[in-house]
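Start from the sequences, fold in the hints, and give me the full structure.
Sequence order for the protein chains is S, F, W and R.
Going by the working numbering, 301 is the number at position 301 of the first sequence; the sequence numbering is gapless.
Going by the working numbering, 182 is the number at position 182 of the second sequence; the sequence numbering is gapless.
Going by the working numbering, 263 is the number at position 263 of the third sequence; the sequence numbering is gapless.
Going by the working numbering, 269 is the number at position 269 of the fourth sequence; the sequence numbering is gapless.
All clues stand as given, with none of them false.
Partial selection, computed: residues in chain W whose CB lies under 8 Å from chain R:
#1 69
#2 71
#3 73
#4 76
#5 82
Bear in mind the hints are in silico, worked out from the structure with no lab data behind them.
Owing to the predicted nature of the structure, the values given are computational and were not obtained by experimental measurement.
Backbone N, C-alpha and C fix where the C-beta goes; we use that ideal spot for every residue, glycine too.
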Amino acid sequence: MVLLLQYTLLFASVLILVALGGCFSEHSGVINLGLEGIMVMGALGGALTLKYINSSLPSLLIVLAVLVVSIVCGVVYSMLLAFACINFKADQTLVGTALNLLAAAAATVIAKTINIAEDPNNVSSTVQYVAAKKALVVNIGKFQFNWFMLVAFIALVCAYVVLYKTRFGLRLMACGEHPQAADSVGINVYKMRWAGVLISGMLAGVGGIVYITAGVSEWKFENGVAGFGFLALAVMIFGQWKPINIGLAALLFGFFRALSNVYSGFDFLAALNIPGSVYNMMPYIISLIVLAFTSANSRAPKAEGIPYDKGSR
Amino acid sequence: MEETKVADNSEYAIEMLGITKRFPGIIANDNVTIQLKKGEIHALLGENGAGKSTLMSVLFGLYQAEEGVIKKDGKEVQINNPNDANDLGIGMVHQHFKLVQCFSVLDNIILGVETVKNGLLQKDVARKKITELSEKYGLKVDPDAKIEDITVGMQQRTEILKMLYRDNEILIFDEPTAVLTPAEIDELMQIMKNLAKEGKSILFISHKLAEIMSVADRCSVLRRGKYIGTVNISETNQEELSRMMIGRDVQLVATKEDKTPGNVILHVENMTVPSKLHHNNAVKNVSFDVREGEIVCIAGIDGNGQTELVYGLSGLENITSGKIELSGKDITHASIRERSTSGMSHIPEDRHKHGLVLDYSLAYNLVLQRYFEPEFSSKAGFLKKGEIKKYADKLIEQYDIRSSQGADTISRSMSGGNQQKAIIAREIDKDPNLLIAVQPTRGLDVGAIEYIHRQLIARRDEGHAVLLVSLELEEVMSISDRILVMYEGELVGEFDPKTTTPEELGLYMAGAKRKEVGA
Amino acid sequence: GSKAPANDGATAGASSEAKADGDDATEATADFKVAMVTDYGDITDQSFNQSTYEACQTFCNENKIDFTYYKPEGDSTAERVAMIDKAVADGYNVVVMPGYAFAEAITETAETYPEVKFVALDVSEFDLEGETSDFNNETYPNVFSAVYQEELPGYMAGYAAVKMGFTKLGFLGGMAVPAVIRYGYGFVQGADAAAKETGASVELNYAYGNQFYGDADITAAMDTWYQGGTEVVFACGGGIFTSAAEAAAKVDGKVIGVDVDQAATIDGQYGKGITVTSAMKGLKATVNTLLSAIRDGQWDDYAGKISNLGIVSGEDTSLNYVGLPEDTTVWNDTFTKDDYLKLVADLASGAIKVSNDSEAEKPSADNVKINFQGNIK
Amino acid sequence: MSAQVNKTMAEKESILAKPAVQSIIASLLCIVVGLFIGYIALLLINAEGATEAIITIIKNYFTYPSKAAALKYCGNTLVKAAPLLMCALSIQFCYQAGLFNIGAAGQYVAGAGASLFCALKLGMPWYLCLVAALIAGGLFGVAVGFLKAYLNVNEVISGIMLNWIGLYTVNMILSSVKESASPYTVSLEKTNAAAVLPSLGLQKLFSNNKYVTIAIPLAVIIAILIKVVLSMTVFGYEIKATGIAKDAAKYSGMKEKRNIILTLFIGGALAGIGAAFLFLTGYEQWSVTQSSVPGMGFNGIAATFLGGLDPIGTIFASYFIQHITSGGSYLDKNVYPSQISDFISAIIIYLCGFVLFFKFFLNSRIKNKKNNAEGGNK
Ligand SMILES: Nc1ncnc2c1ncn2[C@@H]1O[C@H](COP(=O)(O)OP(=O)(O)OP(=O)(O)O)[C@@H](O)[C@H]1O
Ligand SMILES: Nc1ncnc2c1ncn2[C@@H]1O[C@H](COP(=O)(O)OP(=O)(O)OP(=O)(O)O)[C@@H](O)[C@H]1O
Ligand SMILES: [Mg+2]
Ligand SMILES: [Mg+2]
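The following block contains the structure:
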């Protein structure tokens, strides 16, 4: 039970962070299909920080350092998307896909190059961070609390406030809905879209490091993040581009993901003797069914996916 | 301090002197000069594509002119973006509203000039100011309503409030009346006069000469990017204005012969159509006929179910109950395609959304209703491109559709007027028994309107049925043979244009009076 | 399988210069170049690719022999053949291939390149010859293949675990490939035998991770096991031990390593004493032996043979290709080093028989309650 | 004389102004710049062998010294390019209808599952297996289309979900035809030789590469067919109209829901056939333990865009992408990670994003020149 809760929260944290990232990007009008790639780059930055940081430092410091580096990596990488899609009006789905492929390849190449530089015999793309990773968690009884759960929660609250209560949020959403309108009242659409994409880079970058530290103390970058970025997109759409709904959707998805791993701990589930594949399919089937019932009224930001051109009307 | 002194010296609020603006391949404004006096309503008149919107966009900072200077209160200014314009007190209601559909009225008004405290929006402060403004100028709005839920008129009021909220002194209205109902137009005219009285200077673009005559103090005319001249309204008339604008005489009122209607072509019985947006019926239990050789007009204020009525007739929306017959054939449950092939043509209300595949060539768009016919496609399912081209060239010639590359022009790049001509050519050349035309002249200049009216009347004269849906009373009165007034989804009156007056129609349109109508 | 060919064929073909001098062994030494082709995984899979790679590299560095490795574009015979062709084209004449998946690639290339020496690991005669196999432990004249009896170290580990007093065990396989299956089947048999001896009621969770690396999903499953009472998990497959160790460390659970003595690796990272033992097989030793033999002109002793490598000696365990690490295993009163040595002796003498059915993806036992969970992912 | 010059200049410009020519130039530019960036990456990792490495990638099968081997491996590259082309066409076809078919990966999986199941379990001949793949892929497409048309489910999301569902389902189904001692499905050639796609003597052209089958010419023919369908038929007219202007399509009486579903059926079928084109050659066996969706479908996105969203261009783009991917496996792995060729193709795809801008830039330059020239004449 505790485990189910723990892993539900852990998976949900990843999904919340990344889905919120997608949410900011799309509210600014840019579809970010490259979340998966950004996650990988954020994860790489965070993992390398964990690897090199002095693990005897106070854990708060370690958590902060990891956060900062993941954010920087995610943000820098997402600039590739912003640059191509905002300034050069590139097809957003294409660039997003390219970023996913690129991140997987680049992260592996970078990790390998670093490893080889350290030890010519180590051509692996694995980054280990056993010692420093311990700083990320606190055991509360049987429950293993992860600081990133708190980060995700804070991100959720902040996202809500920023989108609905601040000037920035209002302007950002205007750019995703009707950029011409935003432009006509003196809002710099390009700037706002850059902001949206960079925020998505920041959140997805953090999501990446949370994902790879959620269960293990080393990561092999050839494996990427195994489709979590796409799952987060589903969460975002399921959550109707609204932070609170995204939070709930992430919990639902996280729950089923966790259940598929820990079901053997529940006697009645174990007794059902359902093949493992079915549990594995469950999160996808459930989300498909739920989407089928909820999508009729779903409304994406109107201008998302359409490059903004000052000249056109 | 010094600025105000200079300002006091100048007679003009804004002067645009020798403005030239080029787009690739076209000079949209060629050395244009207009001067806006303080406290006046200055009309700007010109054909479609004459360069009015462009000129206003230059003033509002959306475009930068290649040549020419802009002076505010006699002092030269640089306007590089809407922020500069706003700082100079220039505001604009755009031809196509620039409102965020899913935002509230309030959010739209404050967008760009939000009041914040500690980074958080202070909406209450804004709400107070908006309420004050709307009371002062008689602009009724609900600040918390979403734009997508309110009428076009309300949206326009929101746009005006946007300018007032920014304390703008110079107000630009780009074709504000094209989308309004007669009552709303009257209201707007009144508001504009009030604003002018308050000392605001107004630039007003319209194709409707009557409006200009009734509200403007002076009028400047553009033709093909060139400045033609400025006249005082008190010293001119509609004929002179249209001559200035087009360069020839225009027949402003359509003339037609009397004709006795023949057999019933369209028979509608107790039709009810649901509304997409709201959870009720937009058209309630409506019955009427349209006969050969008559133009029946559905009049009414926008949003009273006309759109849904046409959707129901054309099959774009399934009707909940009732019966539709076309030339005696029951088409109640027929598909859109079946209706079309059974002799129904439909000039849609929204030409960009429904009327055209904007990224297709003109030729492809001209066969949009007929591409599947043996004339244009082989049995194996191949398009006969040669035939399509030939047919397109014929229509382009016959209906005088102007475009840069003939049949190969991408429709998106054509002017609104010519896009509309293409649709009309396509729908009329199908030789339909019934032609449904929804606001076919919206946003077009008088030359184009004259042309379209002639086409509709020609259909009628050839003995076919025409159902016209229009919001413009003038149009309704001048070309219809029979008028049906629609109010809140019901037909509330039937009139003969020869024996009724716009005033009487207005009463029915506003729901003040009603009588039984039936087929 | 066919009989190994005459001496000269194997060595002479390696280089045209060497031909003249015929069987001069030292001359031939300078002329061989070693290439390894990886299986589906990379050489960093913390499993057989990596062990093989490291063994080759160490040997070649020490002997100043050209060595490189090739990684096929994808997971198919065609692509493995492409790399073998490339290696030969690049002048490599000893090709080392870890993994049963190479069987078909060997069938396709062995006869094409009679002068090249193929060293295969884990490729069984059945893999090579299919249903028609005569099981005479012979194969193409220029191929040597070593197949390990993984069921033996698996058996030892299972036996040891129960004897040590653990009653709630877990088996976490990587992917269900033959070697992993054999380890697992042996593990079950060993536990079963020990349970029978001690009379303890033993439970065993059995699952495959479906990948050779750990991640949050697998750690979650391992947490479920450990927190549900599992005391020791045999983490059998590449880097998958990371998930088991991660979960074990939280509740003071134990782990059994695989392939090599993983005590240092796992304990070093996750805490002292987590690894109770490792089920080892001598991949590195085999590679070393074979390459040395080639260097020393003794390839003919191996050419054309398929060796089932397991227990060679009941007395001197250092000669065996499989076993438990004697230095790092956490011996206790109920299972001492001597108990282990006796077990080896019994296995060697045939007193204990272990079945090696690599089709036993879902094993069963009499005295152990197996809770089979299939693929976790 | 000056008229002469003017004429050739005008001709040159008009060639440059042709969209097809621009697409080709743009794609080539992407490739060149992509390779250059890849080269820089190689230089950073190890400057010494970088030049040789980049040449190796470009040479691909030409790195084999013998012509026979080179031909054989040219065959291998083609064998893998064929399914890639099919996936690319799948994505492209749907893209024309305004649908982003990221589910091609799952439709590919479905096609693989169906064709292998029919071949190995049911012992069907190759043409029936091909049909089965077509139907299975098509049905996965239809699922996406149905959800989109009737329930407004975003096709990207349902596609992604179905990719995973497809993977697990196919793993389960194919478990019944896997080798007893490995996670791979049994050998196609040995189990049911009749299910192997016929070669019609093609393999002779490629040093008897047994994987070279009619799949390769078929894929090219299908690409041409798609081109014809899209640009010359009523169906293509409707599909594209539905894609760019859904409401206008509905207005003109096209059945836009039917078109969406039909489009995705065809898209799915193309991807499904693509899988059959690979798995029915025996080139690859399905591993029933794979836990990630094969990348073929995603790589198709790349090929489509590099091909300038044109079926004919996509033929060449698919080949090229496969060419450098295969080339990457010949790199010296002791020095360079093999992922460097993935890196290069990813960069090239990224650069494809700038194609639109490039064309715009080119066109406005041409226009400006024209204007200037006209101005000068006056
Ligand atoms: N963004 C643009 N790019 C290129 N050409 C443009 C652009 N905007 C306007 N034009 C051209 O400039 C000319 C003037 O257009 P403008 O919109 O100012 O006309 P208008 O007088 O407002 O017409 P309407 O009555 O139809 O609104 C048109 O011929 C049009 O082709
Ligand atoms: N991006 C553009 N490029 C070139 N020309 C444009 C562009 N946008 C608009 N135009 C031109 O600007 C003119 C007016 O455009 P506008 O959008 O006002 O059309 P409209 O409102 O549909 O027309 P109308 O005012 O006749 O109803 C047209 O001639 C059109 O061809
Ligand atoms: Mg205009
Ligand atoms: Mg207009």
